[in-house]
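Please build the complete structure, drawing on both the sequences and the hints.
These are the residues of each chain, in order.
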Amino acid sequence: MPGLEDLYREIILDHYRSPRNRGELETPPAHRSEGFNPLCGDEVVVYVDVDDERVINDVRIGGQGCSISQSSASMMSAAIKGKTVEEAREITRAFKAMMSIHEHELGGEVGSGEIDGEIALGDLEALRGVVKFPVRIKCATLSWNTLTQGLDEVTAEP
Amino acid sequence: MTLDTATVKADFPLLEREVNGHQIVYLDSAATSQKPRVVLDAMNEYYETINANVHRGAYTIADLATRRMEAARQKVATFVGAPSAAEVIFTRNATEAINLVSQTWGRANLHDGDVVVLTELEHHANIVPWQILASERDIELRWIPIDDQGRLVLDDIDRLFDGASLVAFSAMSNVLGTITPVRAIADAAHDADAIVLVDASQLVPHVPTDVEALGADFVAFTGHKMCGPTGIGVLWGRRELLEAMPPFMGGGEMILQVTKEGFTTNELPWKFEAGTPAIAETIGLGAAADCLTSLGMDAVREHEVSLTAYALRTLAENHGDKLRIFGPSEPASRGGVLSFEFADVHPHDVSQVLDQHGVCVRAGHHCAKPLMQVLGVNATSRASLYVYNDESDIDALSTALDGAADMFAF
Ligand SMILES: Cc1ncc(COP(=O)(O)O)c(C=O)c1O
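First to last, the protein sequences are chains A and B. Going by the working numbering, the residue at position 120 of the first sequence is 120; the numbering climbs one at a time, nothing skipped. If you count the second sequence from 1, you need to add 1000 to reach the working numbering.
Some hints could be false.
As the list claims (entries may be wrong) - Simulated restraints, written as ranges between beta carbons of each label pair:
| hint | chain 1 | residue 1 | chain 2 | residue 2 | range |
| --- | --- | --- | --- | --- | --- |
| 1 | B | Asn1020 | A | Leu39 | 50 to 60 angstroms |
| 2 | B | Asp1344 | A | Glu53 | 51 to 61 angstroms |
| 3 | A | Lys83 | B | Ala1010 | 51 to 61 angstroms |
| 4 | A | Glu87 | B | Glu1330 | 54 to 64 angstroms |
| 5 | A | Lys83 | B | Asn1318 | 45 to 55 angstroms |
| 6 | A | Pro28 | B | Leu1241 | 50 to 60 angstroms |
| 7 | A | Leu39 | B | Leu1014 | 17 to 27 angstroms |
| 8 | B | Gly1403 | A | Ala156 | 45 to 55 angstroms |
| 9 | B | Asp1344 | A | Glu87 | 33 to 43 angstroms |
| 10 | B | Gly1403 | A | Asp152 | 40 to 50 angstroms |
| 11 | B | Gly1252 | A | Leu39 | 35 to 45 angstroms |
Simulated from the structure, these hints should not be mistaken for laboratory data. Cβ coordinates follow ideal geometry from the N, Cα and C atoms, glycine included.
Below, the structure written as structure tokens:
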């Protein structure tokens, strides 16, 4: 039986209490994307400022939600800041793989939980326990899906 | 007569189970109630001894199945004081009952420029069907507001009801527990020549209900919240209205005659029951009505008022300012539905911690997003009570909340 300590790791609660990169960025030049979890009403807003070299110079997180969605968003912002769009996509893939979501799986079926390749997830590793609480996987991935949507929109712009 | 919860509890097999190493504490009956053994037995017995399609069968078990199903209709009619079982139409749930009215009465009677009045307390089931109609024709939706205790503000209803064709509202809020003054609203609506639909999904399971005394034209409720199975709901309607309404779905059972040229509709209630009905579920609902009748609905209500009072008192004493309970503060004017905010802990996290203690509460918008907006929250945690709950369940909730406070102490 998974215990709460598997879910609510200290580092998660720390990011929840003191979220990193909280706020807004001016749009444009930054890009804003929004995501909702219709199950619990959580919402997240991701601002990314991507330069001509496709580097994410700055990122801010808005919205509100539970400890898992908020800490995941906070850790995500720290992990992708200063990275290129491609690197951010790699981290996203690795994180989703840890959440047992693989691109070829429709609807995020629970899979192996194996981590892709050599990507180091750092603090994000603390969210690994979420897999044991399947209803919370959507909370953990909300900000990542919103980021992906934002990056798709930024890179699609002429 | 008062409820002996120990005996009542023992009749609900699910309540014997453990969750995460604790005996289950089920506090989510506003979402769905647990089922007593008599209901499960009635459905099993049907399948094991008289399973046959209903109506038009000349053989013994087909006749038995038909009679058992129609007996259940009579039980439900009696349970809610319907003058005739012909006015009791079985649907899948309350949602389908309301959609039946919007799609038949609504399509026939609501036209461009007409007004439908709802309240800020409504469940999506009594909002979206009207928004669907309003998206097809030019119908104005008006909303009766609530005050800071979640009670309807009726000061302005003369103006709100002026020119209204329909007033559709909940008798008890599934979020705040507010019991609304149904009779007064229905009378005012009728004075304005409006038709009245009451969403009694939360009322019928918990409060003695007499559809005639409510003064409504349509009353919708749902079987699974009143000890019955899922897949069975009820629309009660006044006979003249039901007779004048066009049919809902077309198919078997709802017709008298079909030719290549057309069809004629069956009598009430079958006119609105196309296709093979949920026979076992109907029989299960009949058994649920019997079960609640034998407990005594007055006793059920009395039990819930005193348990709600205990809950409001205990939770306030133990958690003080950390806990904010929404809705009316007076137990006699509300049902046993307690939506709350706990410190700064998100409802999702609250229910996760509570689950670890075996305590089942719901977290989210409770299918009432417009109400959430009025309350200024995204979500709440909600504990809701029924016949099998007792003070020990409230104590378990309170202790589990301490666990949430420890985990998330800021
Ligand atoms: C007030 C109210 N109306 C309508 C419904 C819809 O019930 P059902 O989902 O069974 O159709 C519910 C329950 O979810 C409710 O609480």
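Each hint tested on the structure:
{"no.": "1", "hint": "B:Asn1020 <-> A:Leu39: 50 to 60 angstroms", "verdict": "violated (21 angstroms)"}
{"no.": "2", "hint": "B:Asp1344 <-> A:Glu53: 51 to 61 angstroms", "verdict": "violated (40 angstroms)"}
{"no.": "3", "hint": "A:Lys83 <-> B:Ala1010: 51 to 61 angstroms", "verdict": "holds (60 angstroms)"}
{"no.": "4", "hint": "A:Glu87 <-> B:Glu1330: 54 to 64 angstroms", "verdict": "holds (59 angstroms)"}
{"no.": "5", "hint": "A:Lys83 <-> B:Asn1318: 45 to 55 angstroms", "verdict": "holds (47 angstroms)"}
{"no.": "6", "hint": "A:Pro28 <-> B:Leu1241: 50 to 60 angstroms", "verdict": "holds (57 angstroms)"}
{"no.": "7", "hint": "A:Leu39 <-> B:Leu1014: 17 to 27 angstroms", "verdict": "holds (23 angstroms)"}
{"no.": "8", "hint": "B:Gly1403 <-> A:Ala156: 45 to 55 angstroms", "verdict": "holds (47 angstroms)"}
{"no.": "9", "hint": "B:Asp1344 <-> A:Glu87: 33 to 43 angstroms", "verdict": "holds (34 angstroms)"}
{"no.": "10", "hint": "B:Gly1403 <-> A:Asp152: 40 to 50 angstroms", "verdict": "holds (41 angstroms)"}
{"no.": "11", "hint": "B:Gly1252 <-> A:Leu39: 35 to 45 angstroms", "verdict": "holds (37 angstroms)"}
Comparing the model with each earlier hint shows violations of hints 1, 2; every other hint is respected.
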